[in-house]
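Top line first, the protein sequences correspond to chains A and B.
Here the working numbering is used: position 231 in the first sequence is 231, and no number is missing along the way.
Here the working numbering is used: position 102 in the second sequence is 102, and no number is missing along the way.
Hints in this document: simulated from the structure, not taken from any laboratory.
Among these hints, one or two may not hold up.
What the hints assert, rightly or not - DEER-style ranges, computed between Cβ atoms:
1) A/ARG11 to B/TYR360: 31 to 37 Å
2) A/SER30 to B/GLY19: 52 to 58 Å
3) A/SER224 to B/LEU465: 52 to 58 Å
Stated by the list, open to error - Once the Cα atoms are required to be at most 30 Å apart in a straight line, the calculated DSS-like pairs of lysine-lysine come out as:
4) B/LYS79 to B/LYS308
5) A/LYS114 to B/LYS8
6) A/LYS20 to B/LYS204
7) A/LYS141 to B/LYS364
8) B/LYS364 to A/LYS59
9) A/LYS114 to A/LYS59
10) B/LYS114 to B/LYS204
Idealized CB from N, CA, C, for every residue including glycine.
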Amino acid sequence: MNPIIRVEHLRKVYRVGKEKVVALNDVSLSILPGEVCCIVGASGSGKSTLLNQLAGLEKPTRGRVLIGRHEISAMTENELAAFRQAHLGFIFQSYNLLPNLTAAENVALPLMFKGVPRKQRQKMAVEQLKLMGLAKRAGHKPTEMSGGQQQRVGIARAFVTRPKVIFADEPTGNLDTKTTRQVLRSMLEMAKEHGITFVMVTHEKDLAGIADRVITIQDGNVLSDVVVGDAEKAANRAALFDSLEEQSPAEPVAAVPAGAEPEGTAANKTEKKRGV
Amino acid sequence: MKISDLLKLSTDNLRRRKGRTLLTLIGVVIGTCLIVVMISLGIAIGKQNEEMLRSYGDLTKIQIYNYSYGGTTENSPPKLDDAMLETLKAIPHVIAATPQYRPQNLGGQIYAGKNDRYQAYMDVMGMDPASLQAMGVTMLSGQYLTGEEVLGKNKIPVIVGENYAYSFEDTRKSYNSGKRYVYQGMVDAQGNPVPPFVDINKDKLTLRMSNYDETNPKTREYELVVMGVMKSDYNVGYYTDSGIVMSIANVKKLEEAYQKLTGSKNNGGGVIISGSGGVMREQDNGYQEVYLKVDDVDNVADVENAVKDLGYTEIGSMTQVREQLQAEVRKQQMTLGGLAAVSLLVAALNIANTMTMAIYERTKEIGVMKVLGCPLGKIRGMFLVESGAIGFIGGIVGVVISYIVSFVLNNLQTIIAFLGIQQNMDSMNNMGGMVDPMMATSQSSIIPPWLVLLAIAFATLVGLLSGVVPANRAVKISALEAIRHE
Numbered sequence: 001m002n003p004i005i006r007v008e009h010l011r012k013v014y015r016v017g018k019e020k021v022v023a024l025n026d027v028s029l030s031i032l033p034g035e036v037c038c039i040v041g042a043s044g045s046g047k048s049t050l051l052n053q054l055a056g057l058e059k060p061t062r063g064r065v066l067i068g069r070h071e072i073s074a075m076t077e078n079e080l081a082a083f084r085q086a087h088l089g090f091i092f093q094s095y096n097l098l099p100n101l102t103a104a105e106n107v108a109l110p111l112m113f114k115g116v117p118r119k120q121r122q123k124m125a126v127e128q129l130k131l132m133g134l135a136k137r138a139g140h141k142p143t144e145m146s147g148g149q150q151q152r153v154g155i156a157r158a159f160v161t162r163p164k165v166i167f168a169d170e171p172t173g174n175l176d177t178k179t180t181r182q183v184l185r186s187m188l189e190m191a192k193e194h195g196i197t198f199v200m201v202t203h204e205k206d207l208a209g210i211a212d213r214v215i216t217i218q219d220g221n222v223l224s225d226v227v228v229g230d231a232e233k234a235a236n237r238a239a240l241f242d243s244l245e246e247q248s249p250a251e252p253v254a255a256v257p258a259g260a261e262p263e264g265t266a267a268n269k270t271e272k273k274r275g276v
Numbered sequence: 001m002k003i004s005d006l007l008k009l010s011t012d013n014l015r016r017r018k019g020r021t022l023l024t025l026i027g028v029v030i031g032t033c034l035i036v037v038m039i040s041l042g043i044a045i046g047k048q049n050e051e052m053l054r055s056y057g058d059l060t061k062i063q064i065y066n067y068s069y070g071g072t073t074e075n076s077p078p079k080l081d082d083a084m085l086e087t088l089k090a091i092p093h094v095i096a097a098t099p100q101y102r103p104q105n106l107g108g109q110i111y112a113g114k115n116d117r118y119q120a121y122m123d124v125m126g127m128d129p130a131s132l133q134a135m136g137v138t139m140l141s142g143q144y145l146t147g148e149e150v151l152g153k154n155k156i157p158v159i160v161g162e163n164y165a166y167s168f169e170d171t172r173k174s175y176n177s178g179k180r181y182v183y184q185g186m187v188d189a190q191g192n193p194v195p196p197f198v199d200i201n202k203d204k205l206t207l208r209m210s211n212y213d214e215t216n217p218k219t220r221e222y223e224l225v226v227m228g229v230m231k232s233d234y235n236v237g238y239y240t241d242s243g244i245v246m247s248i249a250n251v252k253k254l255e256e257a258y259q260k261l262t263g264s265k266n267n268g269g270g271v272i273i274s275g276s277g278g279v280m281r282e283q284d285n286g287y288q289e290v291y292l293k294v295d296d297v298d299n300v301a302d303v304e305n306a307v308k309d310l311g312y313t314e315i316g317s318m319t320q321v322r323e324q325l326q327a328e329v330r331k332q333q334m335t336l337g338g339l340a341a342v343s344l345l346v347a348a349l350n351i352a353n354t355m356t357m358a359i360y361e362r363t364k365e366i367g368v369m370k371v372l373g374c375p376l377g378k379i380r381g382m383f384l385v386e387s388g389a390i391g392f393i394g395g396i397v398g399v400v401i402s403y404i405v406s407f408v409l410n411n412l413q414t415i416i417a418f419l420g421i422q423q424n425m426d427s428m429n430n431m432g433g434m435v436d437p438m439m440a441t442s443q444s445s446i447i448p449p450w451l452v453l454l455a456i457a458f459a460t461l462v463g464l465l466s467g468v469v470p471a472n473r474a475v476k477i478s479a480l481e482a483i484r485h486e
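Starting from the given sequences, assemble the full structure and let the hints guide the process.
Now the structure itself:
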């Protein structure tokens, strides 16, 4: 199978004053279509820089990044915008929802950029929110929602366009353990269901265990690039998600009623403060 | 992304920050309002100026004055007689030249009706019949004078002004009865217009001169035959309204007869003392005022120079006055416009400032939109629509307020009177209901439709332009840095 993402001898050097900081030294890697890939590494290892390069948010100092047949490292801003609109989705650590739009409007935003008519995109957005168990929150503003709920709106926004690749930068970084697991599980299920390539950056090794491929970055280099075996994957996933099954057996994520989520609101806020 | 979506995003953003949007709008409103009001004042000044010039008369006429009060000297202008008239007519571009000859030493009354019941003071004017048409005289009925009419002895052909008939008074009525005079526009108790006593086209007009000598009374009579009625036009001259015009030769004939009758004699360049004892001329220096008609406004200056070369120093034409007045008006308009432009510039800075602030506030949003694949042009468009909308709405509101201001300015006196300021009420009553025609017609502020459109378009343009720099800045924001922005 041809890889969907190919990175060749990628190097990124930042200038901080007169000093040069090498964020990525010489990175080459491949990710296959439909794979769930985790990029792990300590803080400052260069993993976030790598993700930004993959998504075309920054230009590399040297080397190239290809998604499909497109060399995104050579695209102009406008081409990138069009490419992202057509093929990519994003999930942020700090949710990044537009505060003046409702949940449904936020989810519909990328559809709007694509030119989907208002009624249709609103329907698609509500549908997606329903899948994320947030049907009742469609008309709420982000400030009226807990962190976990906001992140699920963010996830719905990334998935609603059914992109080829979704990039997630520490998507659970601001969430408490339980919400982290719920959110992680829903992302995993959706990616698998629609065959979307999912690339996630995290610093928590136990979360990375659920991925098909784990790429470890250290000091700007690939330390290891491991395809996780099926048995190990199943064990890792069970370890994370089984506790959720006990509480709500059927459809753990989707079935969580919006109102019945006190754990998110209180816990998340303290969690968030630490995160920021 | 659809235009409607873009518009909705922009208007949502404006609505989100009502306070600031409102303040920015007020800036534009004041700017637009000032511009419109200032320009409207300028237009009104220009229009008043035009009306004033028009009331002065034709722009292609030149007036030569030849009053030699202090006697004649070496440097005095040459005698302005019939021979000189021919010289003047020969100047290139001059199409007509005529004096408006109103001799001082000529007196008499004009009578009409049975037993000479109706009477008017004689105030005849002599003109060159050939020049009438060129001078702008148009006939309401009848025909122009030709100077060659053959009517018989003691019959003088004349043309009269449109409202000449109102000059007659009824000698049978006392001065206090209010019935002695009929003036133009007078109505009776039923509101019907009152006709003048005399029907100028039917009634016989008799000119009678007298020597005012009780011991040896002598009179001389002529019949005035009305050949036509002139259309009233003050731009041509008041005589077209209430004057009586005959050929210069006939005026001179009357003058001679009058001198013979009264004994005051013109002994060829000697002393002439007018019959009424008014003006004294030491020496006959010809006509006192001569009018020239020039074929085109552009040639007026050339003709003026030619007349000066003949030795005449006192020349009046509208061109000089017009140029001075127009320069003055232009200066005033520029000053007014400059004031207004400054205020709109301030408004523009205000918009730019608001939009820049909006970008700082929305940096993160812009970043998110970029990452989600919003085309750069749409981000620019969003900011331009916002700033343009501020300009457009501010422009419309500004124009509406301008109309109110303009209305107040134009009706200031009425409004003050309405508010019941007693002093002003009294002074207005003292005017006895007389309405000054200048005050009634002249407006101090005029807002034509083109100004409305121009103001709104200009305000929108100012909004758009002041949004350009911030919008480009928004486009340049790095998506990555923007999402990290807190």
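- prompt: Which numbered hints does this structure break?
  reply: 6
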